[in-house]
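Respectively, the protein sequence lines represent chains V and E.
The first sequence: position 238 = 237 (numbering that gives the first Met the number 0), numbered continuously.
The second sequence: position 561 = 560 (numbering that gives the first Met the number 0), numbered continuously.
No lab work stands behind these hints: they were computed from the structure.
Be a bit skeptical, because a hint or two may be false.
Cβ-to-Cβ under 8 angstroms is the rule here; a few derived chain V residues that face chain E [as the list claims (entries may be wrong)]:
(1) Phe92
(2) Arg100
(3) Glu112
(4) Thr115
(5) Pro119
(6) Asn170
(7) Leu402
(8) Ser431
Here are the simulated DMTMM-like pairs of lysine to aspartate or glutamate, each with C-alpha atoms no more than 25 angstroms apart in a straight line [claimed, not checked]:
(9) E:Lys531 / V:Glu563
(10) V:Lys278 / V:Asp454
(11) E:Lys178 / V:Glu563
(12) V:Lys32 / V:Asp655
(13) E:Lys178 / V:Glu664
(14) V:Lys225 / V:Glu179
(15) V:Lys419 / E:Glu494
(16) E:Lys232 / E:Glu357
(17) E:Lys531 / V:Glu156
(18) E:Lys328 / E:Asp270
(19) V:Lys419 / E:Glu357
(20) E:Lys178 / V:Asp253
(21) E:Lys232 / V:Asp515
(22) E:Lys232 / V:Glu603
(23) E:Lys216 / E:Asp270
(24) V:Lys419 / E:Asp490
(25) V:Lys617 / V:Glu112
(26) V:Lys698 / E:Asp490
(27) V:Lys623 / V:Glu23
(28) V:Lys282 / V:Asp454
(29) E:Lys531 / V:Glu23
(30) E:Lys178 / V:Asp121
(31) E:Lys259 / V:Glu664
(32) E:Lys178 / V:Asp515
(33) V:Lys419 / E:Asp265
(34) E:Lys216 / V:Asp352
(35) E:Lys216 / E:Asp264
(36) V:Lys617 / V:Asp302
(37) E:Lys531 / V:Glu588
(38) E:Lys470 / E:Asp457
(39) V:Lys278 / V:Asp546
(40) E:Lys156 / V:Glu156
Positions of the beta carbon are idealized from the N, C-alpha and C atoms, including for glycine.
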Amino acid sequence: MSEARFRLGVDIGGTFTDATLVDESTGHLWNAKVSSTPGDPSQGFLTVTQHILDRAALAPGTLRYVVHATTVATNAIIEGRVAPTALITTEGFRDILEIARQIRPSLYDTQFEKPTPLVPRDRCFGVRERLDAAGAVVAPLDESAIPRIANVIQAAEIESVAVCFLHSYLNAQHEQRAGEILQAHAPDVAISLSSDVAPEIREYFRASTTVINAALRPIVSRYLEKIEARLRAQGIVSELLVMQSSGGLMTFADARSRPVFMVESGPAAGVITAAHLAKALGKRNVISFDMGGTTAKVGLVQDGAPRITKDYEVGSVAQPGSGGFRAGGYPIRTPVIDLVEIGAGGGSIAWVDPGGVLRVGPQSAGADPGPACYGKGGSEPTVTDANLVLGRLNPGHLLGGDLKLDGALAHAAIEERIAKPLGLDVVRAAHSIVEIANVAMINALRLVSVQRGHDPRDFALTAFGGAGPLHANRLAHEMNIPVTIIPTSPGTASALGLLVTDITYDYATTLIERVDRLEPGVVADVFADLRLQGTAALAAAGVAAVDMAYVQQVDLRYVGQSYELTLPYPHGETTGSDFSGLLQEFHDEHNRVYGHSVPGEPVETVNLRLTALGTIVKPPLLAKSGAARGLQEAQYGARPVYFGEADAFVDSPIYDRNLLTAGTEVPGPAIVEEYDSTTVIHPGYYAAVDQYGTLLLSKQPSHP
Amino acid sequence: MAETESLDPITFEVVRHALTEATEEMAVALRRSAYSTNIKTRADFSCAFFDRDLNVVAQAFCQAVHLGSLVHLVPIAVRAYGAENLAPGDAILCNDPYLGGVHLNDISLISPVYCEGELFGYVANMAHHVDVGGGAPASVGAFREVYQEGIIIPPVKLVAGGEIVEDVFRLILGQIRSKRETAGDFRAQMAANATGARRLAELMQQTGIETVNHYIKELMAYAERRTRAEIAKLPQGEFSAEGYVDNDGYTDEPVRLVAKVRIDDDGVLFDLNGSDPQRRAPVNSTFAQTFSACAYNLKCLMDPDIPPNQGFYQMVRIAAPEGTVVNCKPPAPVVGGWETHARLNEVIFKALAPVLPECVPAGGKAMQCHAGFGGIDPRTGEYYCFLETLAGGYGARFQSDGPDAVQTHGQNTENAPIEETERYYPVRILRYELVDDSEGPGKYRGGLGLRRDYVFLDHDVTFTVLADRDKAGPWGLFGGEPGRQAYYIHDHDGEAEVLSSKTTIDVRPGEMIRYETCGGGGHGPPWQRDPKRVLNDVRQGKVSLERARTAYGVAIDAEQWTVDTDETAYLRATMQHDGPHDEASKTGAAQ
């Protein structure tokens with residue numbers, strides 16, 4: 000199948016279903032967009048697939064991979080539409096979900112609610128069995144209890160069961176045995192064992208992860224089966240893959256049994272895009288900045304790899320002043336790309352609070368009525384309105400002119416709601432709105448960089464999403480980030496991430512042991528075992544041996560701490576007992592992250608982690624064709640644009656991005672417009688256009 | 000203050016974000032590098048930034064009590080030590096309850112922040128240490144003087160020019176049982192302040208110290224403006240209530256608390272005259288702790304968006320006579336002042352219930368509910384200490400049930416995971432679950448309490464219960480019934496001995512301590528509760544069939560899981576006429 004060199008990515012969001020197709024040998028890209036079909040998402044999937052194949056004039060059989068990103072899992076949890084699920088725990092602990100962490104999601108709210116458990120209490124069963132904290136059996140499993148529970152489960156038409164026994168992360172025997180007996184008595188029930196899904200210490204978090212997995216299995220299974228059936232009927236014979244929360248891919252078959260790994264499937268793609276583009280441009284360290292209509296998402300890529308967190312809650316937002324801790328959602332302990340998401344997008348509403356202070360967001364005008372300037376009846380001023388008043392947006396050019404903006408309405412909304420109450424003139428008010436949105440985004444950029452011990456000067460900023468390029472230059476300036484990367488078609492760049500990542504399987508084994516007491520060979524044995532599992536899974540997914548790769552990591556901490564630092568554990572270091580290099584790295588990392596280290600203190604391992612990769616060929620970036628043109632040829636106008644640093648409107652040239660060719664330099668102040676986005680280049684900066692059409696913004700040499 | 004300088008909305012946001020962010024970064028650094036379960040997992044700490052005039056400007060993640068206490072302690076400690084005696088890289092340590100602290104376990108570390116040689120302000124954090132010496136492991140217990148409660152640390156320099164003052168450090172650690180953990184926790188506290196100072200230095204570099212100082216004043220004025228506007232929306236008048244802590248830990252005499260809340264054009268005054276004289280027993284609250292309680296209550300009544308800075312705190316006015324349990328004098332012991340503090344929260348809510356019914360909950364757990372223990376760990380031969388506080392039922396609200404098993408009011412600490420606890424401490428937890436039928440019945444019911452069983456298999460342990468609610472359950476409101484009281488039980492020699500809520504005992508190998516915390520009070524008459532809700536509670540096993548009938552007047556067919564409407568109507572008619580059938584739930588009812 001030499002012609003099967005096309006890769007299709009389909010991202011189903013709440014409003015639109017987006018598709019991106021790439022020719023993996025040339026890098027040629029096609030895009031398509033249709034309205035989502037929430038009643039039956041597979042319908043939209045099929046429509047957009049047909050569209051894009053038609054556009055590219057390809058037969059279904061030419062597809063090698065189809066990669067899917069979906070919010071089906073998240074939405075099911077947030078909206079409480081999960082499958083009927085049961086939970087089996089150690090006797091005496093069946094209320095683990097009800098009690099949760101025993102805290103209130105907000106400190107001063109007397110009307111708070113704890114998140115509703117995903118499994119109601121009458122479906123939680125305790126079984127006699129017990130392990131001690133070393134994993135030894137203290138009380139044997141009461142096997143006779145399981146068939147009784149199986150009867151109840153079947154009578155109640157429960158489709159899925161989670162099993163989470165205390166200390167099972169050290170010894171899976173009881174969970175496995177309970178699972179076997181249950182399966183024998185209830186063959187149609189899907190069973191998720193905590194020792195399999197999330198084998199890590201701290202029972203509530205492990206149980207929560209396992210329960211989410213169980214509660215999603217029937218939902219995600221049916222969803223993916225339907226899509227698969229439709230695609231097969233259409234003649235698509237390719238491998239079908241899903242984007243995981245970690246940014247890696249997994250097969251539909253794996254996703255059906257481990258759906259908790261794809262809970263944050265959608266947002267991961269943007270960061271992968273940023274990593275991919277940066278790598279192609281020779282940059283290893285990038286901050287990704289994706290700003291759309293309602294939110295902005297910021298992530299960090301270090302050494303080419305997105306930063307991953309295992310401290311995540313589905314359906315909760317970190318509150319300002321909460322120290323980054325959350326309690327309003329459902330924790331999971333699977334790898335998730337670490338994103339900071341804030342309520343600052345083009346549609347974010349500006350308002351004057353009761354203390355007389357200007358605020359922006361988190362309320363959004365959404366798509367309907369949208370910003371005041373859309374003329375759809377919205378009277379609240381938004382960030383988009385402010386950008387329009389400042390001359391940064393072209394009233395006749397959004398979406399290639401399909402969306403007209405009314406400057407008078409924007410002006411009136413800002414005047415009425417902001418300028419008059421605060422005693423400012425309208426321009427100053429509009430500038431304040433944009434800058435206050437910027438302050439929130441700068442804060443998010445700081446969270447992923449400075450707060451985690453990274454110096455922004457060592458990073459590039461990759462900006463995309465419809466609104467990202469409007470704000471990126473200003474943010475980079477404030478953060479001292481030397482280069483800002485604006486990919487072509489920023490509005491759809493995120494979907495590219497689906498097509499440029501690898502198949503991954505993540506494994507972890509808990510091994511809590513002081514490093515100075517580690518038996519030589521123990522670490523090697525654990526990694527060897529994890530690698531066997533990884534190889535088997537990759538082979539089952541159809542990955543050829545030559546494409547298999549492995550990344551090993553170890554979580555370390557000072558004995559007594561509860562939070563670990565994850566360090567790379569290069570293959571080859573697994574033999575012998577000389578861990579001094581690793582220890583030194585740990586002390587250094589602790590110092591970098593927390594500002595201190597204690598070289599004399601004992602250090603312990605916590606988890607050994609292995610990611611098995613089925614590497615996929617990355618399509619090259621497509622060099623832009625066409626003859627070189629001068630800058631003047633790309634200019635199609637000029638307009639006054641307000642810049643805070645000039646404290647005035649400055650007459651700025653407007654360029655058509657499609658007409659900018661490689662080697663061109665665009666000096667600021669300037670505006671670069673294209674179909675789905677607008678790039679603002681501030682005075683003192685310039686944009687270099689590279690061979691791919693990417694804009695690279697940096698300071699003009701003479702600029703301080 | 001430069002009145003004429005205009006308020007630039009952008010700079011305002013820059014400064015506000017940066018200051019909050021600095022304290023958040025402190026919190027992250029502290030939690031992630033701490034050693035004791037109480038700090039790293041249960042998050043029993045808080046962080047704040049003060050300006051050079053010692054006004055609190057920004058705070059992050061937190062226990063409400065700490066925040067109110069820091070507001071007092073930091074200015075007193077800095078003034079006592081002398082700001083002029085502090086240099087860059089220094090930090091002073093203090094836990095003296097009579098200098099603005101709460102109890103000895105809460106140790107504060109305060110560091111000055113300088114900008115180009117000029118004093119800019121202070122970063123401070125307060126963390127609950129698992130042990131500070133004294134008469135029992137974990138430093139909780141029913142003592143008669145503060146001197147028995149542990150080491151009292153007046154403001155002393157623990158860090159000088161970035162280096163630990165080893166003499167002081169050793170002297171302090173010498174008094175403490177769990178030395179390794181405590182040393183790690185102190186280092187985490189130092190890391191937190193270093194992080195905060197670094198972040199603030201960056202802010203001043205970007206924005207300039209004069210501008211930042213100007214906007215700090217604006218931030219406080221802003222909070223004051225918004226607080227005044229919110230207070231103006233509250234009903235004016237004087238509202239009072241009283242309540243009791245069940246006993247003082249030494250005598251069985253209940254501790255009376257009285258609160259008159261006066262709301263008028265001048266703001267809010269919490270007048271606590273009439274509260275009992277201080278006791279030679281642990282239930283005494285320092286002024287700082289009482290202040291924290293009142294500030295918490297006031298904050299709950301306002302828009303949560305108002306930043307908790309000096310502009311807000313200065314609006315909290317308190318009349319608490321010295322020498323009482325709400326403003327004790329030395330040498331009164333204070334470790335159980337938490338119980339008084341938490342009850343005061345509820346007395347204030349009760350006073351406001353008639354005029355703010357949609358806002359205040361019925362009585363809830365409202366106690367600290369410490370479980371503290373320690374001994375020689377047979378695995379290591381080292382002295383270990385463990386401390387946690389257990390959740391209980393929250394009070395029912397105007398239009399919703401009280402949540403089950405949750406922390407209430409001034410504290411919001413997490414539970415200690417069982418796997419972590421068993422791994423690092425020689426204890427086994429046999430049971431951790433809700434207490435069925437512990438809710439206070441009502442149109443909206445209170446939350447359930449929880450049960451936790453500790454067994455010690457292989458060594459002798461000193462165990463302290465420092466809690467309350469063992470005489471009466473939390474009150475209901477507007478015809479709601481009280482929640483079930485708490486029980487503290489020592490299982491030994493084949494008997495279940497009921498313990499006092501404030502006691503220290505020896506536990507031998509194989510013996511068990513059992514906590515059953517209280518449920519929350521109900522809201523509105525139980526016979527008005529939607530029978531479908533009662534049915535659901537019964538199906539969930541939270542309320543028994545029998546109790547559905549006697550306490551709610553709802554007859555349920557447990558075969559079909561349906562409500563017998565005819566019988567329910569009859570039961571409820573009788574109940575309305577005679578009052579609830581459940582005799583037990585009548586006692587201790589509100590009013």
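To see whether the hints hold, each was checked on the structure:
no., hint, verdict
1, Phe92, "holds (6 angstroms)"
2, Arg100, "holds (5 angstroms)"
3, Glu112, "holds (6 angstroms)"
4, Thr115, "violated (10 angstroms)"
5, Pro119, "holds (6 angstroms)"
6, Asn170, "violated (12 angstroms)"
7, Leu402, "violated (29 angstroms)"
8, Ser431, "holds (5 angstroms)"
9, E:Lys531 / V:Glu563, "violated (47 angstroms)"
10, V:Lys278 / V:Asp454, "holds (19 angstroms)"
11, E:Lys178 / V:Glu563, "holds (22 angstroms)"
12, V:Lys32 / V:Asp655, "holds (23 angstroms)"
13, E:Lys178 / V:Glu664, "violated (63 angstroms)"
14, V:Lys225 / V:Glu179, "violated (29 angstroms)"
15, V:Lys419 / E:Glu494, "violated (75 angstroms)"
16, E:Lys232 / E:Glu357, "holds (14 angstroms)"
17, E:Lys531 / V:Glu156, "holds (22 angstroms)"
18, E:Lys328 / E:Asp270, "holds (18 angstroms)"
19, V:Lys419 / E:Glu357, "violated (35 angstroms)"
20, E:Lys178 / V:Asp253, "violated (48 angstroms)"
21, E:Lys232 / V:Asp515, "violated (63 angstroms)"
22, E:Lys232 / V:Glu603, "violated (56 angstroms)"
23, E:Lys216 / E:Asp270, "violated (29 angstroms)"
24, V:Lys419 / E:Asp490, "violated (71 angstroms)"
25, V:Lys617 / V:Glu112, "violated (46 angstroms)"
26, V:Lys698 / E:Asp490, "violated (74 angstroms)"
27, V:Lys623 / V:Glu23, "holds (16 angstroms)"
28, V:Lys282 / V:Asp454, "holds (15 angstroms)"
29, E:Lys531 / V:Glu23, "violated (59 angstroms)"
30, E:Lys178 / V:Asp121, "violated (45 angstroms)"
31, E:Lys259 / V:Glu664, "violated (72 angstroms)"
32, E:Lys178 / V:Asp515, "holds (21 angstroms)"
33, V:Lys419 / E:Asp265, "violated (30 angstroms)"
34, E:Lys216 / V:Asp352, "holds (18 angstroms)"
35, E:Lys216 / E:Asp264, "holds (24 angstroms)"
36, V:Lys617 / V:Asp302, "holds (17 angstroms)"
37, E:Lys531 / V:Glu588, "violated (56 angstroms)"
38, E:Lys470 / E:Asp457, "violated (33 angstroms)"
39, V:Lys278 / V:Asp546, "holds (20 angstroms)"
40, E:Lys156 / V:Glu156, "violated (66 angstroms)"
Hints 4, 6, 7, 9, 13, 14, 15, 19, 20, 21, 22, 23, 24, 25, 26, 29, 30, 31, 33, 37, 38 and 40 from the list above are not met by this structure, while the remaining hints are.
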